[in-house]
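Visitor: Protein chains in written order, with our numbering: chain A, 1 to 298; chain B, 299 to 372.
It is worth saying that the hints were derived from the structure and are not from the lab.
Possibly wrong hints are sitting among the right ones.
[Said to hold, decoys possible] So, partial list: chain B residues that the calculated Cβ filter (under 7 Å) puts toward chain A:
# : residue
1 : 300
2 : 319
3 : 322
4 : 325
[As the list claims (entries may be wrong)] A few chain B residues that face chain A, going by a derived Cβ cut-off under 7 Å, partial list only:
# : residue
5 : 299
6 : 301
7 : 302
8 : 306
Glycine is no exception: its CB is placed at the ideal position from the N, C-alpha and C atoms.
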Amino acid sequence: MRRGILTYAVVMLFALTNALGQSASPAALNWKAPRTPDGQPDLQGIWTNASLTPLQRPAELSDKQFFTQEEAAAYEKQRILQTDVDRIEGERGPADLARRAYNSFWFDRGTHVVKTRRTSLIIDPPDGKIPPLTPEAQKRSETFRAQQAQHPSDGPQDRLLTERCILFGAAGPPMLPEPYNSNYRIVQGPGYAAILVEMNHEARIIPIDGRPHVSKNVSQWTGDSRGRWDKDTLVVETVNFKFNDQSRFGVGYLSGLSDQNLRVVERFTRTDPDTIMYQATISDPTVFTRGHRLLRSQ
Amino acid sequence: MTRHAGSMFEYACNEGNYGMFGILSGREPKRTAAAKVNERRELSNGYWRVAKRRSNDADHPIEPSLYVEGQKLS
Chain A
1 MRRGILTYAV VMLFALTNAL GQSASPAALN WKAPRTPDGQ PDLQGIWTNA SLTPLQRPAE
61 LSDKQFFTQE EAAAYEKQRI LQTDVDRIEG ERGPADLARR AYNSFWFDRG THVVKTRRTS
121 LIIDPPDGKI PPLTPEAQKR SETFRAQQAQ HPSDGPQDRL LTERCILFGA AGPPMLPEPY
181 NSNYRIVQGP GYAAILVEMN HEARIIPIDG RPHVSKNVSQ WTGDSRGRWD KDTLVVETVN
241 FKFNDQSRFG VGYLSGLSDQ NLRVVERFTR TDPDTIMYQA TISDPTVFTR GHRLLRSQ
Chain B
299 MTRHAGSMFE YACNEGNYGM FGILSGREPK RTAAAKVNER RELSNGYWRV AKRRSNDADH
359 PIEPSLYVEG QKLS
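With the rest of the complex left out, here is chain A:
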């Protein structure tokens, strides 16, 4: 299974390069990831995943997997305009003011789509969309929304984890871009990696020493992560996610849906001095009809 995933990724990246008519420079081909003192690939530093590329492919793009250069430029211009809250259009009122609780100065969505010019961060399924829910999960979702409509704020636990300052989607896993604070500091030591997330200053400690996951009875908002090296790639598997009655845990787009069967496998690969290729495969067989995969690389 592991070989299958790796093969898929390699084939996919090769295909991307060809599809875009790009070829890696000789310098990039000869580049080797630096090493930590204990000989592991060095992922350390401060990184950002801010991007204008949407998580899911917009409906109007249908089966279009890549922008042309011109289309990407037009899309970037459109997104920057759409998300500029300093632009005043129409009448000013309460909703208008609420939208400007933070002005544009505070946002940092990036100014470009990903370098591959993919039209969505989700690369699998090929339609760029989160897979359909299972019938049971769909029912849970509807029940949840009905309950939420009746009791939107009876108490703190009815509110989003983000509003309660407990967890944001940036922390993940999977680590998803936020409108701001999409920055990460990666630190490594013998047998460990740690990811500090600027958004809500979440820190994920990842043992890379072969130890098993903790008991299923021990759950955390960001799950229980274990890492291993696959050549120059850090592979991190996370399970044991924590849930409350509303199951509104930190994976933003899974609000109110994921359950104890959620499993996320991330892959971190340095591809040049200034880039980490980030992939995440998400599976939850009691919620989604199939697994799905994100790819993030500038």
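Given the structure of chain A, go ahead and fit chain B onto it with the hints provided.
Guide: Just chain B now, with coordinates in the frame of chain A:
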């Protein structure tokens, strides 16, 4: 992920938790007096929350009112 030239900043999300206080306070006036008669507050996982009055009120008395930062919410 791209190398970030800047530094990480401290992020104080809750800003004193005024946002949550405002959200919960704002909700309160929308609940009608009649609805409140049939509700009680109960402690759930460390938080007070509103629940419908049960049939045997003697066994489930109305809990003390919730106070947040000195302000009564009910």
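Visitor: Mind listing which of the numbered hints don't hold for this structure, in increasing order?
Guide: Structure breaks hint 2 only.
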